[in-house]
Amino acid sequence: MLMGIDVGGTHTDAVLVCRKGLLAWAKAKTHHGDLMRSIREVLTAIAAKAGAKAISRLNLSTTLSTNAIVEGLTEPVGVFVSAGPGIDARAYAVGEHYAVIPGCTDHRGRVTRPLDEARAREHAARCKAAHVSVYACVSKFSPRNPEFEESLRAVVHPQADFVSCGHEFSGQLGFPRRIHTAACNASVWRVFNRFADAVQRAALDFGLMGQVNILKADGGTMPLSVSRSFPVESILSGPAASVMGIIAVCDIAEDSVILDIGGTTTDIALFAEGAPLIEPDGAVISGRPTLVRALKTRSIGVGGDSALSVLEGQVRVGPRRLGPSMAEGGERPTLTDALNVLGRAELGDVSASRRGVNELARANGMDGETLAQDAALAAVTSIRAAVIELTRAVNDRPVYTIYELLEGKRVAPSRVYVMGGPAKALEGLLSEVFPEEVVVPEGYAVANAIGAALSRPTLSAELFADTQRGRMLIPGLDVEQDVPRTYSLDEAQADAAQRLGDYLNQLGVADPEALVETLEAQSFNMVEDGELVGRSIRVKCQVKPGVLPGYREAVRQPC
Amino acid sequence: MLKAADTLGVVFFPAYDWAISPTHPERQERLLYTQDQLREEGLFDIPGVREYKPDVALAHDVDLAHFTFPGVEEVLTSSHLVSAGGAMRAARLVMEREARRAFALVRPPGHHAMKVVHGTRGFCTVNVEAVMVETLRERYGVRRIAIVDTDCHHGDGTQDVYWHDPDVLFISLHQDGRTIYPGSGFPYELGGPTAMGSTCNIPLLPGTGDQGILHMLDHVVLPLIERFRPEIVINSAGQDNHFSDPITNMNFTAQGYAELTRRLGADIAVLEGGYSIQGALPYVNLGICLAMAGIDASGVVEPQYDPERVKQEQRITDYTLSLSDQLMSYFLDPPAMPKHGKAEGEWFVREKEVHYDTDAIFERQREKVLLCPDCSGVVSIESRADSGPLCLGVQIPPGACDACRERGHEEFETGQRSRNYRRAMLVDRPGRAVKRVLI
Numbered sequence: 001m002l003m004g005i006d007v008g009g010t011h012t013d014a015v016l017v018c019r020k021g022l023l024a025w026a027k028a029k030t031h032h033g034d035l036m037r038s039i040r041e042v043l044t045a046i047a048a049k050a051g052a053k054a055i056s057r058l059n060l061s062t063t064l065s066t067n068a069i070v071e072g073l074t075e076p077v078g079v080f081v082s083a084g085p086g087i088d089a090r091a092y093a094v095g096e097h098y099a100v101i102p103g104c105t106d107h108r109g110r111v112t113r114p115l116d117e118a119r120a121r122e123h124a125a126r127c128k129a130a131h132v133s134v135y136a137c138v139s140k141f142s143p144r145n146p147e148f149e150e151s152l153r154a155v156v157h158p159q160a161d162f163v164s165c166g167h168e169f170s171g172q173l174g175f176p177r178r179i180h181t182a183a184c185n186a187s188v189w190r191v192f193n194r195f196a197d198a199v200q201r202a203a204l205d206f207g208l209m210g211q212v213n214i215l216k217a218d219g220g221t222m223p224l225s226v227s228r229s230f231p232v233e234s235i236l237s238g239p240a241a242s243v244m245g246i247i248a249v250c251d252i253a254e255d256s257v258i259l260d261i262g263g264t265t266t267d268i269a270l271f272a273e274g275a276p277l278i279e280p281d282g283a284v285i286s287g288r289p290t291l292v293r294a295l296k297t298r299s300i301g302v303g304g305d306s307a308l309s310v311l312e313g314q315v316r317v318g319p320r321r322l323g324p325s326m327a328e329g330g331e332r333p334t335l336t337d338a339l340n341v342l343g344r345a346e347l348g349d350v351s352a353s354r355r356g357v358n359e360l361a362r363a364n365g366m367d368g369e370t371l372a373q374d375a376a377l378a379a380v381t382s383i384r385a386a387v388i389e390l391t392r393a394v395n396d397r398p399v400y401t402i403y404e405l406l407e408g409k410r411v412a413p414s415r416v417y418v419m420g421g422p423a424k425a426l427e428g429l430l431s432e433v434f435p436e437e438v439v440v441p442e443g444y445a446v447a448n449a450i451g452a453a454l455s456r457p458t459l460s461a462e463l464f465a466d467t468q469r470g471r472m473l474i475p476g477l478d479v480e481q482d483v484p485r486t487y488s489l490d491e492a493q494a495d496a497a498q499r500l501g502d503y504l505n506q507l508g509v510a511d512p513e514a515l516v517e518t519l520e521a522q523s524f525n526m527v528e529d530g531e532l533v534g535r536s537i538r539v540k541c542q543v544k545p546g547v548l549p550g551y552r553e554a555v556r557q558p559c
Numbered sequence: 001m002l003k004a005a006d007t008l009g010v011v012f013f014p015a016y017d018w019a020i021s022p023t024h025p026e027r028q029e030r031l032l033y034t035q036d037q038l039r040e041e042g043l044f045d046i047p048g049v050r051e052y053k054p055d056v057a058l059a060h061d062v063d064l065a066h067f068t069f070p071g072v073e074e075v076l077t078s079s080h081l082v083s084a085g086g087a088m089r090a091a092r093l094v095m096e097r098e099a100r101r102a103f104a105l106v107r108p109p110g111h112h113a114m115k116v117v118h119g120t121r122g123f124c125t126v127n128v129e130a131v132m133v134e135t136l137r138e139r140y141g142v143r144r145i146a147i148v149d150t151d152c153h154h155g156d157g158t159q160d161v162y163w164h165d166p167d168v169l170f171i172s173l174h175q176d177g178r179t180i181y182p183g184s185g186f187p188y189e190l191g192g193p194t195a196m197g198s199t200c201n202i203p204l205l206p207g208t209g210d211q212g213i214l215h216m217l218d219h220v221v222l223p224l225i226e227r228f229r230p231e232i233v234i235n236s237a238g239q240d241n242h243f244s245d246p247i248t249n250m251n252f253t254a255q256g257y258a259e260l261t262r263r264l265g266a267d268i269a270v271l272e273g274g275y276s277i278q279g280a281l282p283y284v285n286l287g288i289c290l291a292m293a294g295i296d297a298s299g300v301v302e303p304q305y306d307p308e309r310v311k312q313e314q315r316i317t318d319y320t321l322s323l324s325d326q327l328m329s330y331f332l333d334p335p336a337m338p339k340h341g342k343a344e345g346e347w348f349v350r351e352k353e354v355h356y357d358t359d360a361i362f363e364r365q366r367e368k369v370l371l372c373p374d375c376s377g378v379v380s381i382e383s384r385a386d387s388g389p390l391c392l393g394v395q396i397p398p399g400a401c402d403a404c405r406e407r408g409h410e411e412f413e414t415g416q417r418s419r420n421y422r423r424a425m426l427v428d429r430p431g432r433a434v435k436r437v438l439i
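One line per chain: the protein sequences are A and B, in this order. Take the first sequence: its position 168, counted from the start at 1, is 168 in the UniProt record's numbering, and no numbers get skipped. Take the second sequence: its position 262, counted from the start at 1, is 262 in the UniProt record's numbering, and no numbers get skipped.
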């Protein structure tokens, strides 16, 4: 039996799924100051129904890291960066304890200027004096040669509680992204680990014997033990849970749009031929791009709790949330209040909604009904505009081969799946503005928790081989080995898949049904003075994110 | 956080599935390390810098720039259409104000492709800048255009395409043609009889460094552009003047290129040659992107950079000083007629031989332009590649006078009736059909 908990911005949802279907579900308010309280509440509500011992797996999605980062509740990080030529690395400074250490590695991983370890030691001493105890070590082109990062780690290790190295996150290039990913990871390490301790304690208290996993931004999961070293991977797992939920509940085969309309935001995701689109470079956290693998989602500030305002006769919804709806005791009318006035929803105290909307209307020389109508229309119109923009951006994304360009498929959604609290209330209006078919699945309110429950472990790996230098690396898996000059693309693909499988086994989460797919496989002839001197091989593969097929049948609903 | 002072659109298309041959300098690997460097630097994450995919040029777009024989479909591959389309996309970005500047980092290059195309020469089949220039004219009504070719090789193709066009100022800075392919690009090449002074060649001695090219930029290129008053400035950005380039002999650095780009301030740049794919391209291309976006590029230094090694010799400095003076006086007081060719009645005729080194094709041409007092004159080219059939191309220039338009059609019809030509092509523009006739 699988349990899924999705700690959202407004509600914490939990479900229990067995092979026969959805066994139980629970909902609690999210207590931002004390997430564990919400988790314990839903656990209490649900665990009793199944008997904790029967739960083989608990998957948890949490906004903890995201919130800590957004709210600035993170701890200072000592950042060591080795850059070499290029854009001045001081431009990427994060925090107050940031130093650029001389030394340079080139695009093939060759050290062209040695690392200045004396300077690194000086910076370490300064950090120690400032009582900094978590660190990030990042060097340019470290996915091609992690040597500098390892040396920096060795310098700072004796005084550190925790050290993040850039190459551990991804084999993908992106130096500023790597800096921010590693620094972010170190900055949330302590707060996340305290949370992980509490989760483990709660599991123990409830007698949960199964494995506890944390949901990642790419819609996969990682064991709680792994998440302790890579807490940054848990960011944006909320939208990922929604997307996985839709995959679990509906049988999506065509190009589609997923809308998760929550209290504060609407998250938009796109599916191409039934598969969710991935952010090719990585997620953006708090305005900074990272290497964290994530599903491609866009968030706009339109949700049930979005405040209504009138500017020069124009009714606007959001983007800010200024407390709950008036129906739920808030002080300003919200989208939910407008939907109450229109009779499309019946949430809380409908008369309070009417009072608030009418008051705002009067102040702007309108009548309440019109204002509510305009507000609802403004909400669905801005959602549609964001969907069009996202689709356009996806279809405009760069490609690098003639084949891809000429044969390139365009995403052309034919259906819009809507979930989240206000889904049902907005269904009719969405149908009016979207030419595509609008579908609200039955379990729309807890599909996110179902998604969390059914998500399976995923992992991706980027392999880089340079046969002239006789080296092969898979930075994320800490693999580095010599290869013969004859090393081929086929061997590289096999190695990448093999190593990925080994790593999953090592974590104890290997899944026989999991499909390892190759996302990219390229081999380039390296020629010097007209002679073929070797090949530059790049392979990218992943355990395909998806939901457990055995349970999928059980939760499938008419969509 | 970094931010672009000028928004920049980069059309990056490395064509990872196309090459002339596996070990050819112009092969799949060519932009690989540039891509590695741009990605690793996080260029496309800088607010104001965005990456775009190319458009794909149609045969019609190519027809406006070239007389292609036997036809576009027979001579060009998809890769050429994508590369030209990449340049077109760059133009579209700038003209539709999606970006202040644009850089088409595409391959294969194009500046050795001449007006008539039978095949590939100097790794170029289609002149991607010329296709882009015709797009600027057809779609956006741009008239006066300046092209500054900073590739180490003379931009003989672009020069040829616009030889008779007084509205396109073509300036090429290159290694002296007596020492390198294609062996042309001398100061006396000033344009055809109706467009004298719209072509400018600046041959530089082997060993010229940043100092020399920046001197020429300041003392010849920028003054000429200022005098010409173009609506748009294009940079044919070849990166093979770099000290590490394997097929040239110059001493430019990434810093030199970045500074050149900054001072030139081109609206659109299009990648040309550059075959030091590890030692130069990643750094030079990064430097150019940063300079175009108005971001500090002073940190872009090649790992092999050694100031002593790239220092410019005194004799080269002396030469550049005297050449810039000569060139300016030449331009301010040009000769009445081009050095090569002669007047035959109303026409000015030039016999030409073109060697397609990449495809081993030899072509003979008889090119004539009508010496029209009212416009730049109809151009008619008779061409035969090796022992192939004789072909005819007639071009009515943009902004042609009525008499020239009539003469153009007459020339084309006479050509058809004469049965001398197997293939004939007429370009009447702007916006009018391109006629292609198989006789």
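Misleading hints may appear alongside valid ones.
With the C-beta cut set under 7 Å, the calculated list includes, among others, these residues of chain A facing chain B [claimed, not checked]: (1) G86; (2) I87; (3) D88; (4) A91; (5) A93; (6) F162; (7) L173; (8) I402; (9) L519; (10) S523; (11) N525; (12) V527.
In short, the hints are calculated from the structure, not lab data. What you are looking at is a predicted structure, and each value in this text was computed from that prediction instead of being measured. A virtual CB, placed ideally from N, CA and C, is assigned to each residue, including glycine.
Hints, one by one, checked against the model:
no., hint, verdict
1, G86, "holds, 5 Å"
2, I87, "holds, 5 Å"
3, D88, "holds, 5 Å"
4, A91, "holds, 5 Å"
5, A93, "violated, 9 Å"
6, F162, "violated, 25 Å"
7, L173, "holds, 4 Å"
8, I402, "holds, 5 Å"
9, L519, "violated, 15 Å"
10, S523, "violated, 9 Å"
11, N525, "holds, 6 Å"
12, V527, "holds, 5 Å"
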